[in-house]
Amino acid sequence: MTTSNGSETVFQSVAVDNVSMPAAHSPPPHEGFNHEDGTGAGVATPGGATARARLRDAAAAAAALAAGRLSRTMRAGGGSSLPGVLVESLSPGFIARRAARLADGVVAVSGTNGKTTTASMIRVILRQEGLSTVGNESGANLKRGIATALVDARSNATVGVFEVDEAALVSLMPALRPRLVVLTNMFRDQLDRFGEVERVAELLRGACERLPDDGYVIANVDDPLLWHTVEGFRRIGFGVRRPSVSPTSGAGSPGIDPGAEPTPCPRCGAPLNYEERTIGHLGVVRCTRCSMRSATPDYEARVLIRDGLRSIVLDVAGVPLTLSTGGLHNAYNAAAAIAAAGVLGISPTRSVTALESFRPRFGRAEELQANGRPVWLALMKNPAAAAALIPEIAEDPRVGAVVVSVNDLVADGRDISWIWDVDFERLATAGVPLIPSGTRAPDVAVRLKYAGADPLPASRAPADAIRAATDACPPGKQAVVMATYTAMLDIRRAFLGDRAVRLLDVRS
Amino acid sequence: MTGIGPGMGGPDLIIAHLYPDLLRTYGDRGNLITLVRRAEWRGFSVRVVGVTRDERIPARANLVLIGGGSDRLQAIVGPDLVARRPELEELTAHDAVIFGICGGYQLLGDFYVAADGRSMPGLGMLDITTGPGKGRIIGRVRAQATLYGDTFECVGFENHGGRTLLRTSSATPLASVPHGQGNNGADGTEGAVQGNVVGTYLHGPVLPATPAFADALLRRALAPRTKGAPLEPLNDRLEEEAHALARTLRR
Numbered sequence: 007m008t009t010s011n012g013s014e015t016v017f018q019s020v021a022v023d024n025v026s027m028p029a030a031h032s033p034p035p036h037e038g039f040n041h042e043d044g045t046g047a048g049v050a051t052p053g054g055a056t057a058r059a060r061l062r063d064a065a066a067a068a069a070a071l072a073a074g075r076l077s078r079t080m081r082a083g084g085g086s087s088l089p090g091v092l093v094e095s096l097s098p099g100f101i102a103r104r105a106a107r108l109a110d111g112v113v114a115v116s117g118t119n120g121k122t123t124t125a126s127m128i129r130v131i132l133r134q135e136g137l138s139t140v141g142n143e144s145g146a147n148l149k150r151g152i153a154t155a156l157v158d159a160r161s162n163a164t165v166g167v168f169e170v171d172e173a174a175l176v177s178l179m180p181a182l183r184p185r186l187v188v189l190t191n192m193f194r195d196q197l198d199r200f201g202e203v204e205r206v207a208e209l210l211r212g213a214c215e216r217l218p219d220d221g222y223v224i225a226n227v228d229d230p231l232l233w234h235t236v237e238g239f240r241r242i243g244f245g246v247r248r249p250s251v252s253p254t255s256g257a258g259s260p261g262i263d264p265g266a267e268p269t270p271c272p273r274c275g276a277p278l279n280y281e282e283r284t285i286g287h288l289g290v291v292r293c294t295r296c297s298m299r300s301a302t303p304d305y306e307a308r309v310l311i312r313d314g315l316r317s318i319v320l321d322v323a324g325v326p327l328t329l330s331t332g333g334l335h336n337a338y339n340a341a342a343a344i345a346a347a348g349v350l351g352i353s354p355t356r357s358v359t360a361l362e363s364f365r366p367r368f369g370r371a372e373e374l375q376a377n378g379r380p381v382w383l384a385l386m387k388n389p390a391a392a393a394a395l396i397p398e399i400a401e402d403p404r405v406g407a408v409v410v411s412v413n414d415l416v417a418d419g420r421d422i423s424w425i426w427d428v429d430f431e432r433l434a435t436a437g438v439p440l441i442p443s444g445t446r447a448p449d450v451a452v453r454l455k456y457a458g459a460d461p462l463p464a465s466r467a468p469a470d471a472i473r474a475a476t477d478a479c480p481p482g483k484q485a486v487v488m489a490t491y492t493a494m495l496d497i498r499r500a501f502l503g504d505r506a507v508r509l510l511d512v513r514s
Numbered sequence: 584m585t586g587i588g589p590g591m592g593g594p595d596l597i598i599a600h601l602y603p604d605l606l607r608t609y610g611d612r613g614n615l616i617t618l619v620r621r622a623e624w625r626g627f628s629v630r631v632v633g634v635t636r637d638e639r640i641p642a643r644a645n646l647v648l649i650g651g652g653s654d655r656l657q658a659i660v661g662p663d664l665v666a667r668r669p670e671l672e673e674l675t676a677h678d679a680v681i682f683g684i685c686g687g688y689q690l691l692g693d694f695y696v697a698a699d700g701r702s703m704p705g706l707g708m709l710d711i712t713t714g715p716g717k718g719r720i721i722g723r724v725r726a727q728a729t730l731y732g733d734t735f736e737c738v739g740f741e742n743h744g745g746r747t748l749l750r751t752s753s754a755t756p757l758a759s760v761p762h763g764q765g766n767n768g769a770d771g772t773e774g775a776v777q778g779n780v781v782g783t784y785l786h787g788p789v790l791p792a793t794p795a796f797a798d799a800l801l802r803r804a805l806a807p808r809t810k811g812a813p814l815e816p817l818n819d820r821l822e823e824e825a826h827a828l829a830r831t832l833r834r
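Residue numbers (our numbering), protein chains in the order written: chain C, 7 to 514; chain W, 584 to 834.
In short, the hints are calculated from the structure, not lab data. Even glycine gets a Cβ: it sits at the ideal position worked out from N, Cα and C. Check before you lean on any hint, since a few could be wrong.
[Unchecked claim] As a list, the in silico DMTMM-like pairs of lysine to aspartate or glutamate whose alpha-carbon atoms are at most 25 Å apart:
#1 W/Lys717 with C/Asp219
#2 C/Lys149 with C/Glu202
#3 W/Lys717 with C/Asp63
#4 W/Lys717 with C/Glu208
#5 C/Lys149 with C/Asp63
#6 W/Lys810 with W/Glu638
[As the list claims (entries may be wrong)] Sample of chain W residues lacking proximity to chain C, with all beta carbon distances greater than 12 Å (derived):
#7 Glu672
#8 Asp693
#9 Asn767
#10 Ala827
[Said to hold, decoys possible] Some chain C residues well away from chain W (every beta-carbon gap over 10 Å; in silico):
#11 Arg62
#12 Ala69
#13 Gln134
#14 Gly238
#15 Pro277
#16 Glu306
#17 Ala323
#18 Gly351
#19 Thr435
#20 Lys455
Can you make the complete structure from the sequences, with help from the hints?
Shown next as structure tokens:
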């Protein structure tokens, strides 16, 4: 197990909550297995077959890369995943064989929200340790997106960090054989695709059952249903604490985020009391009937200072961390990444140093220039994401106008009912101009009207909406765009042109 | 029991929102917001009371709203809700309207058989029964509705595993579904109405983009105060735009 420069070992033995990791010199999880059959079942095959498979993989990868470049050049779209589609059909089992070559193993990140940012943070930490990483950085998180990332991988890559769609994770476990599965949270998202949140829990549990014996689940202890879902596995918990907040409790209490998940006790069904609430149903709970209560996180991020979407200052294991991307959701993302790194033997101090340089990407609260003005672009893919964003936006005096852009394509969720679970009432009280946008702009306009706002005329096209926002924005202030997944892609395309093309077709 | 809005002096409209902590699938709260605003914009004072397990529904409630939830959540609220039949019958005897969406609609019926085969009794206030079916019914819906003498087109989104049948002629379909699956995907009906009890599968939520539906419910619930007089028209330009857009969308 070596770093990319071949000198020093990184994944050292650590003890976390009485669970010890394999010693530094123990073999990496994949060593000693042969994945030639593409299932990771470990059936030995003759060396000749291995060599042939490698040659076939190399040829298939070259062909797939060329096709991807051609597709991008011709602006046919789909450049992000096309090579992955091709390579798996030209050379079945490609993912399993290429993943098995990653000497330091694979980390899989799944859950509803925060996958892209958490995976990105883990890569930043690992790179600082001198490791060469491979990952689906554009967020294409189905099988073909992961295959594409492996096609694109540098030949010296030793560790894979992949975000994986919740439904795709089970079927990808045998091929990826991750040593760590990081589960961020479970919120309602794409109910038209999953049916019910409980279905997502079943899918994630099924994935954990396929972890290797020395594998770990890193999960959010503040998510009662998720933590309950991973009970019985080797689990490491992370959480976020905000000491200044007064506790809320009781089912009908006013002030509860209206988008919060219904949270009966996952063990007995009785109501839960919240000692502390962070985002939606995330928080510290105690059952009103049985002995169920939130676990103490192994890795805890304490919030010290919040500064809107711009930054947040945390205390992680006694080490202060200033993140250049704000919001409680990013406190969770950082805690998850630091926990994953910790299990891999990297101390929180070193992880914090790496994350100080972390910059948001791909619409996760990034700053763009539009019409000569700075514009914040924030991904609002479901009520939980909106719940994290709205307090930061509503309380930030630098915000001068807000575009709310909602699309209803498959990747966004075709049912947009969830916009009524978002606390737009709070955004309305900020008193800044609001511009409805996206394929369902008229529905957004109705939502904002019923929230007590007087929205500006709806602009379905993103460029028009952002023009309206920068026009309405007072001098010295900046516009914010809250956008669903494909709405965010539309906006990036409108402003970044070809540079956004790699983000196409992230989900089918 | 937690009140929002003016507490003293007898509000014109008291809305009881049942199990706001549990039955809150995707946007059901939008129906509540729509009913509240459309009453307030006409000058009526409104009080909303959230009622969860072991809490009493206000005796003077005019409108009871029951949302939807997963099988797990419905199993949790089921026993508490079924025990409320005397409470709810007392309310309808005083002209209160009961409006159930999806899971709330199913629980207003005689019984409900979940996907895992477990049967749970319902309130028996709508002559409907619900059983499991093959696959979920998911997609956009347009439905032609008749409610309390008003006819209107509903637009919404259906997402349910149960198949509902109207058992007697006491319950009449709320709507026909030329575009969608409705109660069971077989007989072209959607929702049910029986006196002051109204149920539908439509999320969306259905009321914001179908203001005529909201107003039909409001007029009925406000009848003790208004003697059933027509409600003052509102400027529904934005709502009509959203409705018109929904009509153009593929299922």
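Worksheet entry | Nearest-CB test (10 Å) between chain W and C/Arg62 | The claim holds: C/Arg62 sits with its nearest Cβ about 39 Å from chain W, beyond 10 Å.
Discussion item. Against the 25 Å threshold, does the CA-CA distance of W/Lys717 and C/Asp219 hold or violate the hint?
Written reply: violated (37 Å)
Worksheet item: Are all C-beta atoms of chain C more than 12 Å from that of W/Asn767?
Response: holds (18 Å)
Item to complete: Starting from W/Lys717, check that the Cα of C/Asp63 is at most 25 Å away, please.
Response: Judged against 25 Å, a Cα distance of about 42 Å means the pair is violated.
Discussion item. Please verify that the nearest CB of chain W lies beyond 10 Å from C/Gly238's CB.
Written reply: With a cut-off of 10 Å, C/Gly238 remains clear of chain W, as the shortest Cβ separation is near 19 Å.
Worksheet item: W/Lys810 and W/Glu638: Cα distance at most 25 Å?
Response: Judged against 25 Å, a Cα distance of about 30 Å means the pair is violated.
Worksheet entry | Interface-negative label, W/Asp693 against chain C, beta-carbon threshold 12 Å | holds (24 Å)
Worksheet item: Is the nearest Cβ of chain C still more than 12 Å from the Cβ of W/Glu672?
Response: Holds: least Cβ distance 24 Å, greater than 12 Å.
Worksheet item: When you look at the beta carbon of C/Thr435, is every beta carbon of chain W farther off than 10 Å?
Response: holds (15 Å)
Discussion item. Just to be careful, I want the Cα atoms of C/Lys149 and C/Asp63 compared with a cutoff of 25 Å; is the pair within it?
Written reply: holds (16 Å)
Worksheet item: Once the closest CB in chain W is found, is it more than 10 Å from C/Glu306?
Response: Holds: least Cβ distance 27 Å, greater than 10 Å.
Item to complete: Evaluate the condition: distance from the CB of C/Pro277 to the nearest CB of chain W exceeds 10 Å.
Response: The assertion about C/Pro277 is violated, with a minimum of 7 Å to chain W.
Comparing the model with each earlier hint shows violations of hints 1, 3, 6, 10, 15 and 20; every other hint is respected.
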